[in-house]
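As a plain string of letters, each chain reads:
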Amino acid sequence: MMKLTRRAALAGAAMALCLAAGGTAMAQETFKVGTINPYSGPLALYGGEVNRGYELAADAVNEAGGILGRQVEILKGDATNPQEGIAAVERLATRENADAFIGTYLSAVAGAASETALNYNKLYWDTNALATNLTERGLPNYIRSGPYSVSFADVSIDLILNSLAARLGKQPGDLTVWLEHEESVYGTSIAEHQKERLEAAGVKVLGIGAHSYKSIDLTDSVLRARDANPDIWVQTGYVPDGNLLLRTARDQGFKPKATVFVGTGDTKETLEAMGADGVEGLLVVSYPRPDISEDYGPGSKAYLEAYRAKYGEDPIAPQSMAAFVGFKIMAQAINKAGSAEPEAVSGVLGSFDEPLRTYETGFGAKFDDNKQNQRAYPTVIQWQGGKQVTVFPDDAAGDNKMVNIGN
Amino acid sequence: METFLNIVIVGLLLGGIYGLVSMGLNLIFGVVRIVNFAQGELVMLGMYGAYLSWYLLGLDPYLSALVVVPCLFVLGVIIQRFVLQPLQNEPSMQIFATFGLLILFQNIVLAITRGTGYSVHSEVSRVVLSFEDINISLSRLIVLIMVILVAVGANWFLHSTMYGKAVRAVTQDRRSARLMGINVELAFMLTFGVGSALAGLAGVLLAPIYTLSPQIGGNFILAAFAVVVLGGLGSVWGAFFGGFIIGLIEAFAGYYLNPELKHAIWFLVFIAVLIVRPGGLFGIAGAEEVGLREQD
Chain X
1 MMKLTRRAAL AGAAMALCLA AGGTAMAQET FKVGTINPYS GPLALYGGEV NRGYELAADA
61 VNEAGGILGR QVEILKGDAT NPQEGIAAVE RLATRENADA FIGTYLSAVA GAASETALNY
121 NKLYWDTNAL ATNLTERGLP NYIRSGPYSV SFADVSIDLI LNSLAARLGK QPGDLTVWLE
181 HEESVYGTSI AEHQKERLEA AGVKVLGIGA HSYKSIDLTD SVLRARDANP DIWVQTGYVP
241 DGNLLLRTAR DQGFKPKATV FVGTGDTKET LEAMGADGVE GLLVVSYPRP DISEDYGPGS
301 KAYLEAYRAK YGEDPIAPQS MAAFVGFKIM AQAINKAGSA EPEAVSGVLG SFDEPLRTYE
361 TGFGAKFDDN KQNQRAYPTV IQWQGGKQVT VFPDDAAGDN KMVNIGN
Chain Y
1 METFLNIVIV GLLLGGIYGL VSMGLNLIFG VVRIVNFAQG ELVMLGMYGA YLSWYLLGLD
61 PYLSALVVVP CLFVLGVIIQ RFVLQPLQNE PSMQIFATFG LLILFQNIVL AITRGTGYSV
121 HSEVSRVVLS FEDINISLSR LIVLIMVILV AVGANWFLHS TMYGKAVRAV TQDRRSARLM
181 GINVELAFML TFGVGSALAG LAGVLLAPIY TLSPQIGGNF ILAAFAVVVL GGLGSVWGAF
241 FGGFIIGLIE AFAGYYLNPE LKHAIWFLVF IAVLIVRPGG LFGIAGAEEV GLREQD
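Protein chains in written order, with this note's numbering: chain X, 1 to 407; chain Y, 1 to 296.
Among the hints, a few may not be true.
To be verified - Keeping only pairs whose Cα atoms sit at most 20 Å apart, straight-line, the calculated EDC-like set for lysine to aspartate or glutamate is:
hint, chain 1, residue 1, chain 2, residue 2
1, X, K255, Y, D133
2, X, K387, X, E272
3, X, K257, X, E280
4, X, K268, X, E313
5, X, K214, X, E199
6, X, K336, X, E63
7, X, K214, Y, E260
8, X, K310, X, E73
9, X, K195, Y, E260
10, X, K32, X, E341
11, X, K255, Y, E260
12, X, K336, X, D368
As the list claims (entries may be wrong) - Simulated restraints, written as ranges between beta carbons of each label pair:
hint, chain 1, residue 1, chain 2, residue 2, range
13, X, R167, Y, I103, 47 to 57 Å
14, Y, V276, X, Y120, 54 to 64 Å
15, Y, P70, X, E196, 23 to 33 Å
Treat the hints as calculated values from the structure; they're not laboratory data. Computed from a prediction, not measured in an experiment: that's the story for all the values here. For each residue, glycine too, the CB sits at the ideal point set by N, CA and C.
Could you build the full structure based on these sequences and the hints that come with them?
The following block contains the structure:
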């Protein structure tokens with residue numbers, strides 16, 4: 001047991017007082033941003049990855065003078081579901097005096113957390129949530145700087161019409177496509193948008209298949225697609241169902257001329273499941289990666305180096321770069337507005353008119369009436385020799401070439 | 001015709017998966033009369049066991065059964081002895097306890113893996129047997145063969161060994177069995193151990209087919225409950241044929257109707273069977289209430 005003398009106790013109390021006082025002084029000086037993501041549970045890896053993007057952006061913003069002249073401080077708010085999202089925002093808004101919020105890996109959390117932030121009249125800036133309805137709600141404090149599900153659907157169709165059709169030596173009218181998707185609103189809304197655009201371009205959609213991402217068996221889905229014999233097989237879903245589809249397609253000898261996955265399929269989890277030869281040639285529409293060309297994403301190489309310097313490894317998932325860019329746009333907006341009040345920040349959004357290819361991810365900035373950035377698009381990678389290589393759009397690909405498709 | 005045959009095979013292979021997962025659940029339910037909610041998690045632990053043996057010892061997942069199955073047997077015995085037996089006179093508490101185990105196992109694995117999906121590699125899982133237009137993945141065929149062996153083996157054990165007879169006696173009437181000098185607690189521990197080992201076996205054999213996640217047990221268990229109730233609570237053949245029935249319905253509904261509807265359709269069949277035969281296809285009347293069943 002340590003002996004506690006009266007003097008030691010006094011000294012300790014004095015020190016604690018000093019620390020507490022120092023703490024409050026700090027609190028007034030920093031600009032606090034609450035970051036709402038899953039930092040525990042099954043998605044912790046990705047929530048943490050998004051947060052790394054914010055931390056890197058905060059470093060960059062602080063170097064350039066901070067937000068409203070104050071240094072940025074990041075406060076993590078762990079949220080794996082909407083209830084936790086609400087609790088995290090309430091805690092950060094009341095006890096920690098957060099000035100603004102940013103997120104979100106999960107769309108469902110974004111919906112609930114942003115509404116709670118509105119109760120405290122705090123800005124909720126979204127860099128990563130994908131659901132279309134988040135911006136369609138017209139919530140006064142909700143702004144999204146990143147791509148959303150419609151942008152993902154659009155890029156998958158641009159890929160088919162502007163690149164794959166020519167590679168396969170076909171006119172859009174002769175091209176056939178099978179659209180597979182997981183059955184919740186996420187996959188369904190993307191598949192519907194894809195169908196609309198493909199049919200408008202004259203492409204024949206042979207069928208649309210829906211499945212649960214928890215399915216034990218997807219042989220039926222694969223056989224339906226295989227028997228329809230499409231040129232291109234498009235899948236929108238999550239990691240487990242995507243992997244099971246790829247495995248089943250391999251077992252059932254289903255080899256479409258091109259396979260396009262939307263949203264997932266570009267991580268180590270798919271590579272490990274299928275092996276390098278199992279994913280070879282697979283195309284995945286996903287967040288822009290640091291390997292995009294400097295012309296398309298100015299500063300992407302510097303971002304990669306900063307990431308490696310800070311974390312000692314390569315990015316685990318591409319979401320962090322979109323988070324990084326989104327945070328920077330938010331800082332710009334708040335500084336322009338001279339305040340972090342939602343109304344003030346919304347007021348200056350109209351003045352943003354940055355062309356595509358301005359930021360590291362190739363995003364520009366032009367917000368529509370729902371405060372959705374209309375100049376944020378995903379890119380497309382192809383698995384080549386066990387590596388993810390950006391192959392579309394052409395100017396993002398730089399010297400990279402698409403392989404094994406047509407020609 | 002070829003498509004039809006293909007779908008039959010798809011259904012049988014899927015039925016094998018369902019049957020294998022259900023076998024242990026049904027054994028535990030029939031004998032110990034506990035609805036073991038953690039059964040799916042035991043399957044999940046079996047899968048991660050296969051991953052660990054592959055990762056640490058370099059064992060092929062199919063060989064890892066030699067390590068994983070005994071480990072799960074011991075785990076099952078421990079669960080029965082130290083978690084369920086103390087609650088023996090409080091059946092509803094036992095159910096809560098298995099539910100607690102479910103959450104415990106899921107979160108332990110979650111904490112260790114951080115939720116990343118793992119995959120187990122086996123050369124076997126890449127082999128596909130092709131006949132004309134019909135493709136059979138060897139890893140699924142192994143599951144099918146194994147479920148047949150397990151069903152035949154369990155049937156033999158219960159009918160032709162003294163231990164098996166003791167287990168059946170305990171199932172039919174606990175008190176009389178005790179009066180005949182049968183050690184009821186030991187029979188329970190043995191049964192829970194075997195049920196858990198079967199879950200481990202299922203996990204090992206399924207590991208090369210799926211991407212492992214801490215929640216994967218839940219994907220199997222809903223179907224397993226349906227299989228068990230449809231086939232007959234506590235009946236070995238109930239789980240066996242119930243698995244094939246559900247597998248075939250799912251394959252046919254998924255291919256010919258719509259994959260979105262397949263679960264709705266097998267639940268419709270499930271409800272219809274329960275209306276006609278409340279004890280399940282292979283259970284005897286009244287089994288749904290007291291878990292009594294006859295093994296012939």
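Unsatisfied constraints (hint numbers, rising)
5, 11 and 15
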